[in-house]
Amino acid sequence: MHELKAETLATWLTQKTNAIKTEIKSISRLNGGASMYTWEIAASFEGGFLERTSRLILRSQSDTPLLPSIGIDNEFQLLKILKSKKFKVPKPILLDRCGFLTGNPALIMQKIVGSSKCIGAVSALNSLDRKRLTRDIGQQLGKLHKLEIPSNQWRLFKKAGEQSLIDRLYSQLDLLPYSLPVIEWALRWLEKNRPAQQIQSLCHGDFRNGNLLVHRKRLTGIIDWEFTHIGNPLEDIGWFCARCWRFGNDKEEAGGIGQLSDFIESYETANPGNVNWLELPYWKIVATVQWALIAHRQGLRDTSNRTRKLELVLTGFKGVQLEHEILKLIKTIKE
Amino acid sequence: MTDADQMSRLLEAAKSVLEEDIIPSLPSRKRLNALLVVKALSIALNTTYQMVRQGGKEPDKNNKALSNQIRSGVYDTSLNGEIIKILSQDVEERLEASTPDFKMHEKFSQYVAN
Chain A
3 MHELKAETLA TWLTQKTNAI KTEIKSISRL NGGASMYTWE IAASFEGGFL
53 ERTSRLILRS QSDTPLLPSI GIDNEFQLLK ILKSKKFKVP KPILLDRCGF
103 LTGNPALIMQ KIVGSSKCIG AVSALNSLDR KRLTRDIGQQ LGKLHKLEIP
153 SNQWRLFKKA GEQSLIDRLY SQLDLLPYSL PVIEWALRWL EKNRPAQQIQ
203 SLCHGDFRNG NLLVHRKRLT GIIDWEFTHI GNPLEDIGWF CARCWRFGND
253 KEEAGGIGQL SDFIESYETA NPGNVNWLEL PYWKIVATVQ WALIAHRQGL
303 RDTSNRTRKL ELVLTGFKGV QLEHEILKLI KTIKE
Chain B
71 MTDADQMSRL LEAAKSVLEE DIIPSLPSRK RLNALLVVKA LSIALNTTYQ
121 MVRQGGKEPD KNNKALSNQI RSGVYDTSLN GEIIKILSQD VEERLEASTP
171 DFKMHEKFSQ YVAN
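Order-wise, the sequence lines are chains A and B.
Numbering-wise, this note's numbering comes out as the position in the first sequence, counting from 1, plus 2.
Numbering-wise, this note's numbering comes out as the position in the second sequence, counting from 1, plus 70.
Don't read these hints as lab results, they were simulated from the structure.
Note that this is a predicted model, so its numbers are computed, not measured.
Cβ atoms here follow ideal geometry from the backbone N, Cα and C, with glycine treated the same way.
Among the clues, some could well be false.
As the list claims (entries may be wrong) - Just so you have them, the derived chain B footprint on chain A, three or more residues with Cβ under 8 Å:
#	stretch
1	182–192
2	263–271
3	307–316
Claimed, not checked - Calculated cross-link-like contacts (lysine-lysine; reagent style BS3-like; alpha-carbon spacing at most 30 Å):
#	chain 1	residue 1	chain 2	residue 2
4	A	253	B	85
5	B	155	A	194
6	A	333	B	155
7	B	100	A	113
8	B	134	A	311
9	B	177	A	119
10	A	253	B	134
11	A	311	B	85
12	B	85	A	119
13	A	194	B	134
14	B	109	A	119
15	B	155	A	253
16	A	253	B	177
17	A	333	B	177
18	A	330	B	155
Isolated chain A (complex conformation) (with noise of 0.2 Å):
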């Protein structure tokens, strides 16, 4: 387990910010992250350029990033990309190469006011209330899919980029100790109905409402960007719009939040004509083949912690629910 020691980030930020200060007043654990650990730091600077800053947010990369993961270095400069072109994302502070504070890699950002746990936030919404927020959603991703990235940047996540979809799916099945033919017979049917048409762009690759941060009301942060890649943006509308992520709301396509039309509506305002809305009923079954072999590959991880222990489990026994799902995404395409 990472420990995170008060009077070490304490002496570090005095010196990183030029404080002559620094009193860390509560650090918690948070949690998130597919191979991230997560601190919230409530703390109070004397002078430096973080004086009136409080709340602060720790991310750590973990001994074993996960394959996709562009790393916390990587994921530090995107930041100040996508804060310098006005996203909602939480802005980057420092960054610690040498894994000075917790043994890894990590950096530091501004704490953004809202919670990830959007779906028991928008219960209280009345339905104008879900439009906008979906509207709000639908601009930001919009947003980011037009997103030109400077060729000197694109280094950044090419990683991610070389291999296509089906066939890092086809890697990750076979990562796998035992056989899931469902899955095979997707892939397959993946393979066999490949759109024609092959667009790309700057993907979060993992935009789902619990990554998601909203606060009276409003998007206020989208966050976890270590999975970032250059892919078709149809693959994060498609993660977005999954029955899977809707946690029971499915009525509310959109992330479980709001209706589709409202998201196509202004994703289209943001970026008009960039996609092919027939196809998504193709990406969301990618998305829950996607997590379908995430939930099985996550029931096989250890960890020292017994509460996460019980939940990667847990999430193990997800599998054949989205086995279910696939089935039925897939016969219902054919009829």
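Got chain A; can you put chain B on it based on the hints?
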């Protein structure tokens, strides 16, 4: 009484103590973890119920052979044909064994480890 019968009784008893005696007196921050344990026990219990129904034997599966056939293209001309029935039956059995409540309402729950 078979081993599976005995296992069901053990899990039922443990689950009931947890749900009825322990959880109500837990502080809220511990309650979520305890509910995850209840979920885990329910899954284990459903699997043992299925084993009881099947006389204590796990169903014989040949998933590897089927997966190999699919990848080598044996079903390519009929991906939407008979294969769907075979796959559906396998999934139904596994759902019945682990999370039969999902079969009823087909809603995805929020606990995830990712």
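Is it true that the CA of residue 311 of chain A sits at most 30 Å from the CA of residue 85 of chain B? Within the cut-off at roughly 19 Å; holds.
Residue 155 of chain B and residue 194 of chain A were given as a pair; does the straight-line alpha-carbon distance stay at or below 30 Å? Holds. Residue 155 of chain B to residue 194 of chain A sits at ~20 Å (cutoff 30 Å).
Would you mind confirming whether the straight-line C-alpha gap from residue 194 of chain A to residue 134 of chain B stays at or under 30 Å? holds (22 Å)
Is residue 253 of chain A within 30 Å of residue 85 of chain B, Cα to Cα? Since the Cα atoms of residue 253 of chain A and residue 85 of chain B sit roughly 34 Å apart, the hinted pair is violated (cutoff 30 Å).
Please verify whether residue 330 of chain A and residue 155 of chain B have alpha carbons no more than 30 Å apart. The hint holds at about 12 Å.
Proposed proximity, residue 119 of chain A with residue 85 of chain B (alpha carbon, max 30 Å): Since the Cα atoms of residue 85 of chain B and residue 119 of chain A sit roughly 28 Å apart, the hinted pair holds (cutoff 30 Å).
Given the hinted pair residue 155 of chain B and residue 253 of chain A, is their Cα-Cα distance within 30 Å? At roughly 28 Å apart (the allowed maximum being 30 Å), residue 253 of chain A and residue 155 of chain B satisfy the hint.
Pairwise hint evaluation, residue 177 of chain B against residue 333 of chain A, where the allowed Cα distance is 30 Å at most: Answer holds: residue 333 of chain A to residue 177 of chain B is near 18 Å, not above 30 Å.
Checking one constraint from the list: CA of residue 177 of chain B to CA of residue 119 of chain A, max 30 Å. Satisfied? With a Cα-Cα distance of about 18 Å, the restraint between residue 177 of chain B and residue 119 of chain A holds, given a limit of 30 Å.
Straight-line Cα separation of residue 253 of chain A and residue 177 of chain B no greater than 30 Å? holds (12 Å)
Three-residue Cβ test at 8 Å for the coverage of the stretch 263–271 of chain A by chain B: Check failed, 0 qualifying residues.
Given the hint that residue 333 of chain A pairs with residue 155 of chain B, does the C-alpha gap stay at or below 30 Å? holds (11 Å)
Checked against the numbered hints above, the structure violates hints 2, 4 and 10; every other hint is satisfied.
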